[in-house]
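Undergrad: These are the residues of each chain, in order.
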Amino acid sequence: MVGPLEQAILALMIFVIMLGMGASLTPRDFVLALKRPYGLFIGVMSQYGFMPLIGFILATTLPVNDTIKIGILIMACMPGGTTSNIFTYFSKGNLALSVLMTVTSTVFGVILIPIVLVFYAGALELDIPRENIIATLVLLLVPVAIGMILRKLNANVGAVTEFMGSLLAVFFILFLIVSWIPRNWEFLLTTTWGTYFGAIALGLFGFVLGYGFSVLLKLHPRNARTVALETGIQNGPLAIAIIAFTWSGAEAQSVMAVPVLYSLFIVITSTMLTMWFRRINTANEQPLPNGLL
Amino acid sequence: MSDQDRPWTAFYGPSTRKTIDTLDHETIGDFVSAKAEIFGKRPAFTTCLPNGMNGTLTFAQADEMSDALAVYLRDVAGLNSGDRVAVQVPNCLSYPLAAMAVFKAGCVLVNVNPLYTADEMVKQFKDAGPTAIVIIDMFSDKLEEAMTEYPFESVIVTRVAEFLPAMPRGIVGLVQKYWDKSIRPITFDHIRLPEAIRQGRTRHDHMHEVLEGYRSSIGPDDIACLQYTGGTTGVAKGAMLTHRNILMNMAQVMELIENLEDGEEVALTALPLYHIFAFTVNFLGFYSIGAHNILIPNPRPLTNLKRAMENYKITWMSGVNTLFNGLNGEIWFQDTPPRHLKFASAGGMALQGSVAERWQEVTGKPVLEGYGLTESSPVLTFNPFGKTRLNTIGVPVPSTEVKCVDEDGKDVPLGERGELIARGPQIMKGYWNKPEETEKTIMNGWLLTGDIGVMDADGYFRIVDRKKDMILVSGFNVYPNEVEDVMAAHPGIEEVAVIGVPDGSSGEAVKAYIVKQDEALTKDAVRAYAKEHLTNYKVPKLVEFRDELPKSNVGKILRKDLRAEEMAKAAEGQV
Chain B
1 MVGPLEQAIL ALMIFVIMLG MGASLTPRDF VLALKRPYGL FIGVMSQYGF MPLIGFILAT
61 TLPVNDTIKI GILIMACMPG GTTSNIFTYF SKGNLALSVL MTVTSTVFGV ILIPIVLVFY
121 AGALELDIPR ENIIATLVLL LVPVAIGMIL RKLNANVGAV TEFMGSLLAV FFILFLIVSW
181 IPRNWEFLLT TTWGTYFGAI ALGLFGFVLG YGFSVLLKLH PRNARTVALE TGIQNGPLAI
241 AIIAFTWSGA EAQSVMAVPV LYSLFIVITS TMLTMWFRRI NTANEQPLPN GLL
Chain L
1 MSDQDRPWTA FYGPSTRKTI DTLDHETIGD FVSAKAEIFG KRPAFTTCLP NGMNGTLTFA
61 QADEMSDALA VYLRDVAGLN SGDRVAVQVP NCLSYPLAAM AVFKAGCVLV NVNPLYTADE
121 MVKQFKDAGP TAIVIIDMFS DKLEEAMTEY PFESVIVTRV AEFLPAMPRG IVGLVQKYWD
181 KSIRPITFDH IRLPEAIRQG RTRHDHMHEV LEGYRSSIGP DDIACLQYTG GTTGVAKGAM
241 LTHRNILMNM AQVMELIENL EDGEEVALTA LPLYHIFAFT VNFLGFYSIG AHNILIPNPR
301 PLTNLKRAME NYKITWMSGV NTLFNGLNGE IWFQDTPPRH LKFASAGGMA LQGSVAERWQ
361 EVTGKPVLEG YGLTESSPVL TFNPFGKTRL NTIGVPVPST EVKCVDEDGK DVPLGERGEL
421 IARGPQIMKG YWNKPEETEK TIMNGWLLTG DIGVMDADGY FRIVDRKKDM ILVSGFNVYP
481 NEVEDVMAAH PGIEEVAVIG VPDGSSGEAV KAYIVKQDEA LTKDAVRAYA KEHLTNYKVP
541 KLVEFRDELP KSNVGKILRK DLRAEEMAKA AEGQV
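In order, the protein sequences belong to chains B and L.
Per our numbering, residue 1 is the first one in the first sequence, and the count goes up by one each step.
Per our numbering, residue 1 is the first one in the second sequence, and the count goes up by one each step.
There may be inaccurate statements among the hints.
[Said to hold, decoys possible] Mimicking DSBU-like on lysine-lysine, the simulated pairs with C-alpha atoms at most 35 angstroms apart in a straight line are:
1) 387/L x 403/L
2) 152/B x 181/L
3) 218/B x 365/L
4) 541/L x 516/L
5) 152/B x 342/L
6) 92/B x 177/L
7) 306/L x 218/B
8) 313/L x 152/B
9) 92/B x 342/L
Please keep in mind that the hints were generated in silico from the structure rather than gathered at the bench.
Construct the entire structure; sequences and hints are all you get.
TA: Here it is as structure tokens:
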């Protein structure tokens with residue numbers, strides 16, 4: 001569904017965007033996030049505790065066939081995606097925490113994904129493509145590190161990189177939506193409502209549970225927003241890759257339906273959530289009385 | 001004067017002189033150039049925008065560029081020594097350049113609050129009579145409106161991102177134009193600041209001789225600034241601060257501060273430079289020790305300070321209670337307080353003890369509170385480092401006498417309350433064109449502050465009350481008369497009285513009591529009307545409708561009765 005050229009372009013875009021994200025960070029941000037591993041722990045919990053459970057409930061209750069059910073389960077067990085960092089940035093969340101959460105859930109994913117899948121899906125034999133996991137990590141960490149170095153060397157270069165990266169990120173989000181729909185038009189028309197529901201609800205429930213859990217544990221609103229986005233946003237491309245490695249032909253297409261649909265709708269729902277988060281962030285800003293400031 | 005009369009000198013540091021007798025430099029222009037000789041290539045000023053974009057001028061650059069701008073003012077714009085120049089610019093590189101140039105040209109600086117409405121601008125212009133103005137492009141629309149009543153021959157326009165590298169400057173420009181839409185096309189005749197500097201630079205072959213000519217036209221006792229204030233009576237007037245006043249006050253403050261190192265400090269300037277405290281202490285005081293000054297154009301919201309604190313090793317900052325209180329409450333600030341900070345200085349409004357304590361907890365460093373008035377350039381007292389006393393305004397700075405007197409002007413016994421009066425080289429020359437006002441404020445060389453204070457045996461002062469009706473909103477003076485005059489012009493309002501009431505976040509808030517003429521008048525309508533005619537901080541935060549207002553026998557509205565009511569209410573609320 002996505003050609004190699006497009007994949008390369010997307011990878012390059014993500015690289016530049018993450019360069020910009022990195023330029024907004026300092027090492028101190030990461031030290032702080034690590035100092036309070038609470039948020040990180042909650043993140044892993046949500047990622048591999050809640051999400052697979054949500055996936056399992058959806059898969060068993062929705063009127064969909066078995067291949068779709070597998071698709072839902074796989075999607076639910078994926079680590080956080082890179083787009084979660086972009087949305088966290090725009091939500092004025094804790095970007096360092098988001099990056100760390102993505103990294104941890106991806107690294108832990110190598111062990112946890114098979115375990116969780118075995119737990120929920122029984123003897124499902126899956127190939128976890130390590131190259132994809134490593135590629136995800138590289139594509140995330142290398143540009144973030146370079147961005148941080150750029151900012152350290154020259155604050156102006158850093159700020160310009162960040163600005164360009166965020167502009168590109170907005171373009172990237174629009175591009176994902178706009179280019180996806182016409183290419184998959186037929187697929188969209190032939191998909192049943194159960195599949196739609198599963199693909200959309202997975203992300204939405206993830207947001208709600210991640211946010212609710214963080215608020216319950218009294219995380220700072222900034223961190224709660226981060227955990228919500230991180231929980232809801234899964235690594236769609238990784239799921240698609242895993243499926244492509246494991247299945248073939250019509251069966252692969254069917255298993256892939258949910259991850260593909262999820263990848264589209266998560267961008268749309270995350271955009272809406274981000275707009276809402278920005279609003280509450282502005283509303284919660286400390287009011288400064290008029291006067292000497 | 002003996003040390004017995006000045007018990008506070010015992011609390012000065014070992015290297016602090018008790019008196020400062022001579023000026024190191026004749027004028028502020030001389031001072032600027034002399035310091036640039038010493039600190040040349042070090043960074044002097046940096047504009048730091050909320051996203052971290054920045055631009056820097058070294059001491060040598062600031063000196064050279066302000067020389068050129070001075071030449072432009074005198075020889076291209078045609079100003080003379082003593083002419084007034086309005087500067088209506090927020091914190092950015094253009095501000096120090098404009099101010100330095102005005103001094104070097106032998107002209108008089110008139111600081112104008114960039115947030116003023118066109119009405120307020122006109123009022124100030126008409127009184128000060130400036131012939132030229134340097135203004136930020138964001139407010140050119142207000143100037144256009146003001147110019148229908150007070151035309152300027154010479155307008156120099158600048159922008160926040162002035163002198164930033166091309167790329168960030170371009171980005172900021174595009175964002176301001178197309179995203180914020182804060183910049184509109186300018187329809188009146190003007191010149192851009194960089195062009196004015198260019199013209200000044202190429203005007204003469206022997207620039208130094210020309211500049212020497214300007215400098216020799218003025219001396220230390222000529223006016224450097226007309227700094228506007230409502231004073232004790234509320235009629236807006238320009239305090240005439242001389243070069244001596246300002247240079248002395250700067251030296252007095254820096255003398256009292258002990259643990260700063262020449263060329264090593266990084267100051268964060270979030271307070272607006274057009275305010276006398278930031279002007280004398282942040283701008284000139286820290287320039288004098290070769291500090292790198294980080295200028296924040298707009299500290300709202302407070303996250304706008306985050307990048308500056310991350311990207312620069314801030315060693316000192318100044319603020320008002322509101323700023324410290326706000327930062328204490330920001331999660332990012334609690335997480336990452338500036339690590340290199342030595343201490344912070346507070347002025348402008350009373351620093352609450354709880355805020356100071358919390359600040360110390362968060363940053364590990366103290367906030368030192370000081371006190372002063374526009375009329376005293378402004379600093380009269382400060383808390384010495386390491387000998388801070390909470391809820392006091394500290395001790396008088398060197399060469400300054402402060403005492404408490406009764407209604408007859410006689411000294412009150414130690415520990416009793418009296419009006420604070422002060423004497424020293426920083427006391428203004430008087431009010432511009434208002435000799436009667438001056439006479440009411442300065443008596444026998446003593447400045448009557450209008451504040452009621454108490455001195456303890458060690459010479460530490462505490463403010464307990466205010467004699468005048470002035471309202472202090474987050475460091476800004478609001479005069480009930482001015483607000484009442486505006487409100488009274490509303491056709492739906494029969495009578496109005498304005499007082500200050502205690503307010504948690506801003507210290508005091510403006511409250512208006514209104515007797516309606518038009519029954520349909522609403523509180524929102526009142527506030528909306530006030531907003532049209534007054535700067536934000538003057539707009540009544542609270543509005544109360546009454547059937548009548550308390551009055552004296554002769555029909556004068558008694559603000560003090562309303563204040564007493566509010567105090568009683570506040571006291572009840574606490575029980």
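Undergrad: If a hint holds in the structure, say so; if it does not, say that too.
TA: Going down the list of hints, with the structure as the test:
With a C-alpha separation of about 20 angstroms, the suggested pair residue 387/L and residue 403/L falls inside the 35 angstroms cut-off, and the hint holds. With a C-alpha separation of about 31 angstroms, the suggested pair residue 152/B and residue 181/L falls inside the 35 angstroms cut-off, and the hint holds. As the CA atoms of residue 218/B and residue 365/L are separated by approximately 29 angstroms, the hinted pair is consistent with the 35 angstroms bound. Our distance criterion of 35 angstroms between C-alpha atoms is met by residue 541/L and residue 516/L, whose separation comes to about 18 angstroms.
For the hint linking residue 152/B to residue 342/L, the alpha-carbon distance of about 23 angstroms falls within 35 angstroms, and the restraint holds. Distance restraint check for residue 92/B and residue 177/L: the Cα-Cα separation of roughly 24 angstroms lies within the 35 angstroms cut-off, and the hinted pair is therefore satisfied. Pair hint residue 306/L plus residue 218/B holds up; C-alpha atoms about 24 angstroms apart against a cutoff of 35 angstroms. Restraint check for residue 313/L and residue 152/B: satisfied, since their Cα atoms lie roughly 13 angstroms apart, inside the 35 angstroms limit.
Note on residue 92/B and residue 342/L: the hinted pairing holds, with a Cα-Cα distance of about 30 angstroms set against a maximum of 35 angstroms.
Of the numbered hints listed earlier, not one is contradicted by the structure.
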